[in-house]
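Assemble the whole structure, with the sequences as input and the hints as a guide.
If you want the building blocks of each chain, they are given just below.
There are 2 protein chains.
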Amino acid sequence: MNEIEPTERTRVRRVPQRAVYDRETIHRIFDEALIAHVAFSHDEQPFVLPMAFVRIDDAIYLHGSTRARMLEGICDGRPVCVTATLVDGLVLARSAFHHSMNYRSAAVIGTGTAVMERGRMLEVLEALSEKLTPGRWPEVRQPNEQEMKATRVVEIPIDEASAKVRTGPPADEKADMSFPVWAGTVPIALRYAKPVSDPNLSPSVALPDHVRQLSDRRGKNHD
Amino acid sequence: MNEIEPTERTRVRRVPQRAVYDRETIHRIFDEALIAHVAFSHDEQPFVLPMAFVRIDDAIYLHGSTRARMLEGICDGRPVCVTATLVDGLVLARSAFHHSMNYRSAAVIGTGTAVMERGRMLEVLEALSEKLTPGRWPEVRQPNEQEMKATRVVEIPIDEASAKVRTGPPADEKADMSFPVWAGTVPIALRYAKPVSDPNLSPSVALPDHVRQLSDRRGKNHD
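Chains as they are written, first to last, in our numbering: chain A, 775 to 997; chain B, 775 to 997.
Think of the hints as simulated: they come from the structure by calculation, not from any bench. If you're wondering where the values come from, they're calculated on a predicted model, not measured in any experiment. Some clues are possibly wrong.
No copy is singled out in the list; a pair is fine if it fits within one copy or between any two copies.
[Said to hold, decoys possible] No more than 30 Å apart at the CA atoms, straight line, and that leaves these computed lysine-lysine pairs for DSSO-like:
#1 K968 / K923
#2 K923 / K905
#3 K968 / K905
#4 K968 / K948
#5 K948 / K905
#6 K948 / K923
In structure tokens:
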């Protein structure tokens with residue numbers, strides 16, 4: 775098992791049996807999550823924003839406008855935390871106290887750097903696009919020079935990272951096992967609904983397979 | 775419209791036309807989100823964790839173990855940020871550059887205080903339970919003294935808060951409108967799947983309506 779060595783800052787202290795430092799598990803959580811919550815601090819006041827992101831190899835990539843102050847701060851070396859969470863279900867116990875959620879959450883902390891090389895920036899943007907809508911990138915109008923100049927891509931290495939995972943049924947007290955209430959889990963997942971065409975779309979343009987497949991792909995996991 | 779006055783710290787700077795300061799919209803986002811991402815800082819390094827939470831009136835409530843260091847830090851006056859995000863869909867534009875997501879995100883910053891009064895703690899725990907599984911609280915085994923002593927409830931007033939919302943079709947450049955690729959949105963929503971009984975559940979206990987209704991309630995919004 776390829777583990778990321780937990781540091782003083784990433785070792786999970788609360789409910790340590792849920793901690794995961796396995797690199798593959800951490801990668802898989804980042805890969806399945808559509809967004810991450812990205813935090814930076816200013817005078818000990820944290821700020822958290824949702825962002826699209828992509829993992830490639832051992833790094834997380836964010837992107838945005840060159841005018842976005844948060845990305846500018848990251849490139850200036852401001853410490854950052856990127857956390858992605860998948861809510862997998864409600865855990866309904868017999869006791870109020872043992873109610874919980876099943877979830878998978880991965881967090882990386884550290885500092886980022888700007889990706890400056892044009893070819894690498896494009897690779898990252900393509901990877902992000904292919905993560906969210908596999909097969910779409912080659913079909914869309916590619917970024918022009920002005921758009922590339924307005925875009926900042928930031929790399930955050932997955933050096934200090936950990937995950938926390940809860941799975942399985944509720945963990946009630948022995949004394950509660952005969953309490954007369956239903957107990958179990960209610961799985962939760964994201965679902966893509968029917969695509970909605972842009973009102974300005976030319977009627978001659980058909981729905982491509984790469985969009986239709988989004989609903990098909992996710993639908994399977996849900997029942 | 776009941777607006778929360780934006781401060782220097784909560785005014786949305788990037789894409790300000792997506793900013794919302796209306797209290798009702800902010801409340802609705804917090805009420806629909808199952809979890810929030812909660813951040814605190816230590817020596818300018820932010821840490822972000824997913825947590826269940828509930829809004830009551832003009833405050834956010836977190837809860838956890840009295841041994842949880844983050845909640846302890848909040849009670850000691852450490853500044854916190856609580857952000858909740860609903861991903862509503864993929865926005866597929868004709869140009870790579872204008873791809874986006876539809877989402878609603880609300881954030882509150884500030885400091886929290888411990889809720890110490892036992893009756894109020896119970897009200898908060900009941901409100902959290904009723905938010906996630908309406909109708910369940912009266913049916914479960916209520917918290918005992920030991921469990922209440924092990925639980926910390928923290929209140930964070932919604933004084934400094936803002937939301938950011940994107941809705942609608944892609945915003946392509948005029949020059950791209952005839953580019954021959956499908957454009958539009960793919961709505962995304964959470965879906966509850968079939969409940970899974972605890973393997974130790976007595977066969978005489980039936981699935982209650984409050985659990986069955988979870989899948990029914992959400993299923994409607996998705997197609």
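Consistency of the hints with the structure:
For the identical chains of this complex, K968 and K923 are neighbours neither inside a copy (35 Å) nor across copies (48 Å), given an alpha-carbon limit of 30 Å. Proximity of K923 and K905 under a CA criterion of 30 Å is satisfied intra-copy only: 23 Å inside one chain copy versus 45 Å between copies. When the C-alpha separation of K968 and K905 is checked against a cutoff of 30 Å, the pair qualifies both within a copy, at 19 Å, and between copies, at 28 Å. With identical chains, the CA atoms of K968 and K948 are at most 30 Å apart between copies only, with a shortest distance of 26 Å across copies and 46 Å within one.
For the homomeric pair K948 and K905, the shortest alpha-carbon distance between copies (27 Å) is at most 30 Å, but the shortest distance inside one copy (44 Å) is not. Proximity of K948 to K923 under the C-alpha cut-off of 30 Å is restricted to the inter-copy arrangement: shortest distance 20 Å between copies versus 62 Å within a copy.
Comparing the model with each numbered hint stated earlier shows that hint 1 is the single one that does not hold.
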